[in-house]
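**Q** Throw the hints in and build the complete structure from the sequences for me.
Protein chains: 2
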Amino acid sequence: MADLLVVGSVALDSVETPFGRVQEVLGGAATYFSFSASFFAPVHLIGIVGDDFPSEHVRLLRDRGVDVGGLKTSRGRTFRWTGEYGYDLNEAKTLDTQLNVFAEFRPALDERLRRTPFLFLANIDPELQLDVLRQMAVRPRLVALDTMNFWIQGKRDALLKVLAEVDIVTINDAEARQLAGEPNLVKAARVIAGMGPKTIVVKRGEYGAMLVVNGAFFVVPAYPLEAVYDPTGAGDTFAGGFMGYLASQEQVSAAALRRAMVYGSVMASFTVEDFSLDRLKRLEPAEIEERYGAFHDLVRLEA
Amino acid sequence: MADLLVVGSVALDSVETPFGRVQEVLGGAATYFSFSASFFAPVHLIGIVGDDFPSEHVRLLRDRGVDVGGLKTSRGRTFRWTGEYGYDLNEAKTLDTQLNVFAEFRPALDERLRRTPFLFLANIDPELQLDVLRQMAVRPRLVALDTMNFWIQGKRDALLKVLAEVDIVTINDAEARQLAGEPNLVKAARVIAGMGPKTIVVKRGEYGAMLVVNGAFFVVPAYPLEAVYDPTGAGDTFAGGFMGYLASQEQVSAAALRRAMVYGSVMASFTVEDFSLDRLKRLEPAEIEERYGAFHDLVRLEA
Numbered sequence: 056m057a058d059l060l061v062v063g064s065v066a067l068d069s070v071e072t073p074f075g076r077v078q079e080v081l082g083g084a085a086t087y088f089s090f091s092a093s094f095f096a097p098v099h100l101i102g103i104v105g106d107d108f109p110s111e112h113v114r115l116l117r118d119r120g121v122d123v124g125g126l127k128t129s130r131g132r133t134f135r136w137t138g139e140y141g142y143d144l145n146e147a148k149t150l151d152t153q154l155n156v157f158a159e160f161r162p163a164l165d166e167r168l169r170r171t172p173f174l175f176l177a178n179i180d181p182e183l184q185l186d187v188l189r190q191m192a193v194r195p196r197l198v199a200l201d202t203m204n205f206w207i208q209g210k211r212d213a214l215l216k217v218l219a220e221v222d223i224v225t226i227n228d229a230e231a232r233q234l235a236g237e238p239n240l241v242k243a244a245r246v247i248a249g250m251g252p253k254t255i256v257v258k259r260g261e262y263g264a265m266l267v268v269n270g271a272f273f274v275v276p277a278y279p280l281e282a283v284y285d286p287t288g289a290g291d292t293f294a295g296g297f298m299g300y301l302a303s304q305e306q307v308s309a310a311a312l313r314r315a316m317v318y319g320s321v322m323a324s325f326t327v328e329d330f331s332l333d334r335l336k337r338l339e340p341a342e343i344e345e346r347y348g349a350f351h352d353l354v355r356l357e358a
Numbered sequence: 056m057a058d059l060l061v062v063g064s065v066a067l068d069s070v071e072t073p074f075g076r077v078q079e080v081l082g083g084a085a086t087y088f089s090f091s092a093s094f095f096a097p098v099h100l101i102g103i104v105g106d107d108f109p110s111e112h113v114r115l116l117r118d119r120g121v122d123v124g125g126l127k128t129s130r131g132r133t134f135r136w137t138g139e140y141g142y143d144l145n146e147a148k149t150l151d152t153q154l155n156v157f158a159e160f161r162p163a164l165d166e167r168l169r170r171t172p173f174l175f176l177a178n179i180d181p182e183l184q185l186d187v188l189r190q191m192a193v194r195p196r197l198v199a200l201d202t203m204n205f206w207i208q209g210k211r212d213a214l215l216k217v218l219a220e221v222d223i224v225t226i227n228d229a230e231a232r233q234l235a236g237e238p239n240l241v242k243a244a245r246v247i248a249g250m251g252p253k254t255i256v257v258k259r260g261e262y263g264a265m266l267v268v269n270g271a272f273f274v275v276p277a278y279p280l281e282a283v284y285d286p287t288g289a290g291d292t293f294a295g296g297f298m299g300y301l302a303s304q305e306q307v308s309a310a311a312l313r314r315a316m317v318y319g320s321v322m323a324s325f326t327v328e329d330f331s332l333d334r335l336k337r338l339e340p341a342e343i344e345e346r347y348g349a350f351h352d353l354v355r356l357e358a
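Heads up: the sequence lines are chains V and Z, in that order. Numbers 56 to 358, taken from my numbering, label the letters of the first sequence in order. Numbers 56 to 358, taken from my numbering, label the letters of the second sequence in order.
Any given hint could be a false lead.
Which copy is meant is left open, so a pair is good if it fits within one copy or across any two.
Only pairs whose alpha carbons sit at most 20 Å apart, straight line, appear in this in silico DMTMM-like list of lysine to aspartate or glutamate [what the hints assert, rightly or not]:
| id | residue 1 | residue 2 |
| --- | --- | --- |
| 1 | K148 | E305 |
| 2 | K216 | E357 |
| 3 | K216 | E281 |
| 4 | K210 | D180 |
| 5 | K127 | D107 |
| 6 | K242 | E261 |
Hint data in this document are derived by calculation from the structure and do not stem from the laboratory. Source: prediction; values computed, not measured.
**A** The following block contains the structure:
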């Protein structure tokens, strides 16, 4: 069991889906990631919030065992995101983004955290991702990075620089194609591997996720759910389960990577069942194992 | 090993994709279906072509062992379809449809075919699908039906009537939601099962296919291919492999259904590798088994 460090956003989200709306609830990539990963391994969170950030949210993370010593409170307002989803729930439409204190986020790792063996660079400015990587005193055993179209388009050079130094990239279908400049996903994965990360996790929303390692593919579907209320945070929750599971294992073997893909999918399948982290808050470890079994039923060739 | 009957279109397709274009090549649902199914079981085809239909196409089917005794040649021109695909290859844009002799298609089954144990009603007017079902002297062991948005919208009553009498429906994501009037696919599958077919095969294009039987799900991804040239006929090729495999088995068991889903996906993965039936024409049975094994690698949880 190894420790895991995540650097990313902590936010207050306002979300509307066809199934309801919530105002200024707990959100942010690092939040979803760390909460999810905490079921598998010790997690340390580096982030920033404003002085308006409700203390109950910090308590929630702390109660799950997340080390929030690196969550800085700055004078000003917390990062706010407002978005909505249509019936297909596949893509968020961002209505408003207020960076607030997040605009001045300069992650600083204390001596202790610079030796964390598993590192997840959530979706932030690739210059900051690179800066975090540079702060590590020892090259972590595993570094994963998440990114998005905004950085692929706007900060391509910086992104390529940090990509060259990571082991795993998590990215969605369209962004993988955009990053590689190649419409075929198999070829796109090869192009991306050539940029640095030998392992690529392609996130496909309601269709699940695909793992590509040295040209070999593994696909895990999304769990068929009757009630999907809010997909916000699904990708980061997936990454938390994925990295958390890997950190809990002796070795990042091919078999462990496959199981990590399923644990990531399991965790994401819970997140989307309610708004914010509401479903994760009531999640019991036994439910994780139960759904892992259900995933097994979902994909095994022999009935 | 049981016989299989397919009723549907035989066409001349003109297709443009980002990877090339073809003019008036062999196409049609019954064509793709029967060619694909012929690798697994004896197939009988009921269809109609015009007197302009190249005899080489008939020979091709006959050489694969497809019984084309029920392929009627009528005075006039063969059904023609013209379509194009963009880079995502997910949805065809129909540029032109000329029904020609297909407009007068009235499938007539001879005495012998009325006792075929496996029946596939390809995507045609649901009134014709029902008419074929009524002609069966013995209720087939398994009846599957394919349909599309055009009939869901335009001939809903007739479609509901025939759906009530079939065992399996093959349908794409969006059409399943449209048919059920329900955006959630899990709920939509339950609504459709209530209409008659206890087994639902949801076709998801580049994401593969999903099987729903009595509320239990099985998902098979599409095979990750480097070269996808033309998705035309993928769904019907899938159905051919799926039904052909089932017809080759002693029993339509839960395990056989899962394996059939994979064989359907295997066959579809070949079709899209070239235009028309060009890849299927050069397909060797050993390649089918090889790719079946590759699918196994693609989904198994343990590396």
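**Q** Hint by hint, say whether it matches the structure.
**A** Comparing the hints with the structure gives:
no.: 1; hint: K148 to E305; verdict: neither (40 Å within a copy, 51 Å between copies)
no.: 2; hint: K216 to E357; verdict: neither (44 Å within a copy, 33 Å between copies)
no.: 3; hint: K216 to E281; verdict: neither (42 Å within a copy, 27 Å between copies)
no.: 4; hint: K210 to D180; verdict: within (8 Å within a copy, 53 Å between copies)
no.: 5; hint: K127 to D107; verdict: within (12 Å within a copy, 76 Å between copies)
no.: 6; hint: K242 to E261; verdict: between (23 Å within a copy, 15 Å between copies)
Taken one by one, the earlier hints fail for this structure at numbers 1, 2, 3, listed in ascending order.
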